[in-house]
Amino acid sequence: MSPWRKGEYVVAALFLAPGLIWFWTFALYPLLYAFWMSLHEWRIRGTSEFIGLANYARVFQDPVNLIALRNTVVYALISIPGQMILGLAIALLLAKATRGKVVLRLIYYLPVICSWVVVSLIFMFLFNSEGLINRFFGESLGWVDPNTAWLNDAATALPVIALLGIWKGVGWVMIIYLAALQGVPKELTEAARIDGASGFQVARFVTIPLLAPATLFILVLLTIGAFQSFIQFYIMTGGGPFHSTEVFLSYMYNQAFNFLDFGYASAIAWVLAGLILLISVIQFRFIRQTYSY
Amino acid sequence: MVSRALLKRILIYAALIIGALVMMIPFLYTVSTALKPNAFVFTADFFPDRPTAQNFVDAWGSNNFKRYFLNSLKVAIITTFFTVAIAATQAYAFARMRFPGKDLLFYMYLIAMMIPAMLMIIPQFLEARTMGLLNTHLGLIVFYVVGSIPFQTFFLRGFFEAIPNELLEASYIDGANRFTAFARIAVPLAGPGLGTAAIFAFLASWDEFTWALTIINDSGLRTLPIALRLFQAQHGTQWGLVFAASLIAIVPVVIVFVAFQNVFVKGISTGGIKG
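Those protein sequences? They're chains A and B, same order as listed.
Numbers given in the working numbering equal positions in the first sequence, counted from 1, plus 27.
Numbers given in the working numbering equal positions in the second sequence, counted from 1, plus 5.
Keep in mind that the hints were calculated from the coordinates and are not lab data.
C-beta: ideal position from N, C-alpha, C; glycine also.
Do not rely on the hints blindly, as some may be mistaken.
[As the list claims (entries may be wrong)] Some, not all, of what chain A presents toward chain B, calculated at C-beta under 8 Å: (1) Val38; (2) Pro212; (3) Leu215; (4) Phe284.
Just chain A, with the same shape it has in the complex (with noise of 0.2 Å):
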């Protein structure tokens, strides 16, 4: 033992107070804060009148937030199983590369560090209707209308945000993979190679079972992520036509700051935190069982 065990406590605290204070003030506060907010009717000015559950129940009530969910489901359905497939595929064969892997691995990556407005600023100019998609694949191949209006219609702006959302975030699937890909045995793959197994069987039955921990956190920051997407939402269509591409987030927002309903809008951020717990204990008790480890 070390001969400092009769301060320890106190070097402990001084270790954490800082973080420990910050923390509370500025966020665990502030979240309990918002129950007690979802709770009343809330005014900016005089006195605020407590309602009970009432938020709640409008929150189930309210189509908008129907129409939230589905759009966030659908969103969730595309853009994840696309950025872990394809971020996948490039780990695994990035991982074989020998040359030019920085750059490769660096291209890969930027999207993932550019900010969220000027992501949704470009894939709101490709998808112009006279921007790049139109132009090719419209006038130079003729395989959609050359007049599209991409982010006008909900059947084809929630797609493209997804789309948006699979080329974002593929980089940061990428590099997740290959970390942990480096925690497989090299012994493992070689001996499935020697029994005769070809590339894909290894990939198929040793290293992507070994990737089981991986693909389970990737999967639940993913869903995570989906359920809080906001920007994307909020610069490419603002929630619009007619709350056709709505998100919790986005109707959440403009409730608080354009309808000042702070009550009805925390009510909505704290649905939207349990259905977020509710589907990541799912996925890991799914995942748990699945692979079984």
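Add chain B to chain A, keeping to what the hints say.
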């Protein structure tokens, strides 16, 4: 005859390079648009006939752009410093010390990582208003740091746990106390982790949009993401100008990432999650 191994290498590289080109198309188009005179933005070909740097000159010189750039830089640097300092001391305590309630406090951070930051935005806004932090860079910094604390503490704990006990014990025998052991032994050994944490913190602050949109009204105090968004809303037809500004905004991010790429990749692969 081409050997199977060589053929396989060619296929792997072909797939990687085609993928990389597809990834680059949005950026290449952005660059080419920024190099076009405004009248040719939609009419000209993918690559500009007569490239011009005028958009970059105009963007840098217009609408206080320099000021927004420096605002972002100032906020990001101060945020990075406090985030890393606070996360490192906390992570060290969680990794290396024993005290009551340790697990409980750590679970608090794990749960905080799952809760959407937007859940807190309304009460944080009211809190910032009460404290006079609306419309200030301090208001940005204080809340950017708190937003990063749970993840960064979790991330850095792994690096401090990996330090062999003997090294710390030896420093105690040499007369070091807990603070000097932390500063002289632990911090240098956790270098890649701290570097990665610093990059995360810098990028998060540099790119942050929603909170800045919410609390900054004064046009002179805007950060780049807000300025770019408003820039696009005002000059939506002048895409060349908008993208010149966007590309200038990306430059520091790319510099930070390229310069510290090795540290960053090493940091991700040794800490945080292990496959």
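Need the list of violated hint numbers for this structure, in ascending order. Going through the list in order, the structure violates hints 2, 3 and respects the others.
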